[in-house]
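My request is simple: use the sequences and hints to build the entire structure.
Chains as they are written, first to last, in the working numbering: chain Y, 1 to 435; chain S, 1001 to 1258.
Think of the hints as simulated: they come from the structure by calculation, not from any bench.
Some hints here could point you the wrong way.
Stated by the list, open to error - Output of the computed footprint for chain S on chain Y, the stretches with three or more beta carbons under 8 Å from beta carbons of chain S:
# : segment
1 : 218-229
2 : 258-272
3 : 368-378
The C-beta atom is built at its ideal place from N, Cα and C for all residues, glycine as well.
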Amino acid sequence: MMGLSPEKSTNRAAGESLRGWAAALCLLAALGCTKADPAQFKLNMEGLDPADFVASGSTDEALAERIAKIEQEPDPDEEQLSELQNAQSANARAKGLRDLKVALHALFGTPDEPFVLKELQTQPDTPEVGFDLAKLRRAAGPVSSLEDGTQIGLYRQHCVHCHGITGDGVGPTAAFLTPYPRDFRRGIFKFTSTSESAKPTKDDLKRTLKQGIAGTAMPSFALLPEADIDALVEYVKYLALRGEMETALMSYVDAGDPVPLTHEELLSELQNYASMWDSAADEVITPEAPPELDEPGLLASIEAGRKLFLDAKAQCVQCHGPTGLGDGAEKRFDVWNEAKTDTNLAFFSLPKQQLQPRNLRSGVYRGGRRPVDLYRRIQAGIKGAQMPSMGQTPAKPSGLTPTEIWNLVHYVQSLPYEPTSETGSPERSIQRDRN
Amino acid sequence: MSRLWSLLFLTVPIVGVWVCIWSANNGYWMPDDISSHGHTIDHLFNFCLWLTGVVFVITELVLVWFMWKYDAKAHAEPVKYTHGSHNLEIVWTIIPSATLLFIAIYQMNAWANVKMRVPTDPDVEVEVVARQFEWRIRYPGKDGVFNTRDDLHTVNDLHVPVGEQVMVRLKSQDVLHDFFLPHLRIKQDAVPGMVIPVWFKAERVSNVTGATSAAYDLVCAELCGWGHYKMKGQLVVETRDEYERFLADLEKQQEATQ
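In structure tokens form, the structure reads like this:
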């Protein structure tokens, strides 16, 4: 071996540089495998500020000065004047929104660190009323877990991709869903056990979480630990209350009035809404037990229910159609979509979605299939979804009586099993099933 | 020094085999099998693993040997070209074909037992409808007929009695899903428009003596959308008594008028 030939020396150089790269890579990999805390994805709060926060370029004093100067002129320039006045209201609006943000922050904290005022927290002797801060903390924040396996950040783990970080029902997956996920901020929930104008109880929210909503994208969370479900219920209630408060304070901004910022003012406003949530448990509808019916009695009840269904008094046919297929003549929107008018569509991320009355022959019941669930739907209606409350109440003595409602319930329950509701031939194994 | 690269390739079979053996001895292996036919599936799996494992190791060793022997720095002879060996080509076509044919026939019985010999008189019938992203389960109720008033509905919670032949009628409401019970070695695509029978028998509740009920995974094994990763249900294997109690509970809840 006299000396290295040109090819061999290039090979050697290449080999050495390759070894260098390999060594560097191994070192980095080793460093990367050291035990460190996992990344925590705290929320980017700046991204939540709307464009309105940006005020006009000038201060209030400067604008007032210029307006005064123009008004003093013999022939004031109207265009310039209105421009300056617009700038003034933009300033006022921006200030109002900043105050709103401060107020909400003071009342509710942030998605990473939520809290509620002491006056709204649960007391040990009344666990049903108020908010449990420990549960809120578990449901909030970035997704992680403690050493014993307890999950933290439950809302972001399970709910945020549909319901959004503020509970506005516009998460990333919402655009693909019919119906849209619930917007919690109105404090209106469809499937409750309470009367027409009342809030849902904690049990109602728990039931929705546990059984999901059949026929929609809301899954069943029955396999989560009970403590996780409790924490999520608490957080949903928190988001709903926060949303209601936000709307209330927003009305000040829209009217051009100063946003209340003292503790007393905010607390009294807040307690208006919180008290409705606290009193929900008193508004639960417990139906009279239906009579024990034998076979012919049940058939008679179903027949009476059918007549009621078609009767104008019960108003069923106009939405559900004469055969209960959900093909009634009325075309309506639920309250969440009603708010989207032609002029304000730009504020909403998702297009308007038509309300679809239930096809009663499918055997799929969104709010639960128990007789008591169906009773409550008819008695109190479905909040937000334009299903009216048809039952008798002290305020509406002309409504349907309990017996009439039970007849309707029996009729509705019989609909999926009528011969006309059958699809296809009786099932055999591995055959085409036309569903 | 460049023979080092041949040795580097040798680490592949060594590390591969070592990881396999270590995993099997430290719990990173198949889930507990509680089914009646699962041992056949596991046996076939192990057979294929050993067969391919031995062939893999031999192939790797031959590869490393050739790399070592014909390393460019140590072996300066010019390359020799050959027209190939017809006999060698016949040998390495026939032997793999025969092996594959053997495997195909060897497993036929196991396949037929799981997919083709539909039991005519199952003890329990249940309908499972896969939908994005949950498992909707329906028992026929007291009258034993599906699609009647007394059917019992539940979501993601499939209960079966131990030691009894269970027949699942698998359907899908929207897209392809896959009904996968790892602890029973059962996997079947749910095809929209079809009703596919899936049968199994859980031989015991669990490996814990005296247990009356145990929960196992039911997962979706066919990509069905954004929620596929969390489309999990639970299979609960329990004694007959507990099973009856479960059904009675379901009925009571479902008929609640208060």
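To see whether the hints hold, each was checked on the structure:
Given a C-beta distance limit of less than 8 Å, the hint that chain S covers the segment 218-229 of chain Y holds, as 4 residues qualify and 3 suffice. Taking a C-beta to C-beta cut-off of 8 Å, the segment 258-272 of chain Y contributes 0 residues in contact with chain S, too few for the three needed, and the coverage statement is violated. With a threshold of 8 Å between beta carbons, the proposed coverage of the segment 368-378 of chain Y by chain S holds, since 5 of its residues qualify and at least three are required.
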